[in-house]
Amino acid sequence: MVSKMILSPDQAYLNGLVQNDGTILRQLYAAFFPRISTFIQQNQGTQDDAQDIFQEALMVIYHKAKEEEFELTSAFYTFLYSICKNLWLKELRKKSREGVTIREEMVYTEDAEIEEAIHRRARARLYRQKFQALGEDCQQVLSMGFSKKPMVEIAEVMGYASPEYARKKKFTCKDKLIQMIKSDPIYQELADNG
Numbered sequence: 006m007v008s009k010m011i012l013s014p015d016q017a018y019l020n021g022l023v024q025n026d027g028t029i030l031r032q033l034y035a036a037f038f039p040r041i042s043t044f045i046q047q048n049q050g051t052q053d054d055a056q057d058i059f060q061e062a063l064m065v066i067y068h069k070a071k072e073e074e075f076e077l078t079s080a081f082y083t084f085l086y087s088i089c090k091n092l093w094l095k096e097l098r099k100k101s102r103e104g105v106t107i108r109e110e111m112v113y114t115e116d117a118e119i120e121e122a123i124h125r126r127a128r129a130r131l132y133r134q135k136f137q138a139l140g141e142d143c144q145q146v147l148s149m150g151f152s153k154k155p156m157v158e159i160a161e162v163m164g165y166a167s168p169e170y171a172r173k174k175k176f177t178c179k180d181k182l183i184q185m186i187k188s189d190p191i192y193q194e195l196a197d198n199g
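Final position of the sequence shown in the working numbering is 199; the numbers increase by one with none missing.
Source of the hints: derived by calculation from the structure; they are not laboratory data.
Treat the hints loosely; a few may be bogus.
Claimed, not checked - Taking lysine to any residue and the SDA-like style, the derived pairs with C-alpha atoms no more than 25 Å apart in a straight line are:
(1) K175 x R133
(2) K100 x K175
(3) K135 x K99
(4) K181 x A196
(5) K99 x A138
(6) K154 x Q134
(7) K175 x L139
(8) K153 x R125
(9) K100 x Q47
(10) K154 x G140
(11) K69 x F81
(12) K153 x E169
(13) K173 x R125
(14) K135 x A160
(15) K99 x D54
To be verified - Each pair of labels, with its calculated beta carbon distance range:
(16) T43 x K71: 44 to 50 Å
(17) K179 x Y67: 41 to 47 Å
(18) V157 x Y67: 52 to 58 Å
(19) G140 x Y67: 40 to 46 Å
(20) F176 x T51: 54 to 60 Å
(21) P14 x Q144: 22 to 28 Å
Quick reminder that beta carbons are idealized off the backbone N, C-alpha and C, glycines included.
Modelling step: build the complete structure from the supplied sequences, incorporating the hints.
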């Protein structure tokens, strides 16, 4: 039996871009172009500059996504924004002889946001990976616990003797998950950099 894989919106954007899907391209423009345009216009650019940079960034992503070893490690917008920003800064450097300046506070704020988004994404990926490595019982108990289901209901669904046992099982599973996450070298790297 073949199960149909559900794509994340970010992966759907990548696939749509590679397949030159008009609907996805329109979604990309609607969702992200206004923010890119605002950044460029606040940093000495025009609407036309923003259009050129946005299109060039989509082409960069298109070529990257076609590479076999490419893996999107951040949110699509974070990746797109960083490419647009780098392209625009490169363009401004060319024009620097004309005395163009960038609003520094905008650059630093956006850099911090990109870095935080990348760290959030990495932490979520680590959590999902370790959660999936738990046994099925622990996954079910924790999922119901995160959904705020009462212990009585969890005990009933899982076939446990009492709500107290369900509570103990939830605690044990949560502790195991935390230990698995903390023992992963990626956790320490994220803790050191985040």
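Non-conforming hints, listed in increasing numerical order
2, 3, 5, 13 and 16
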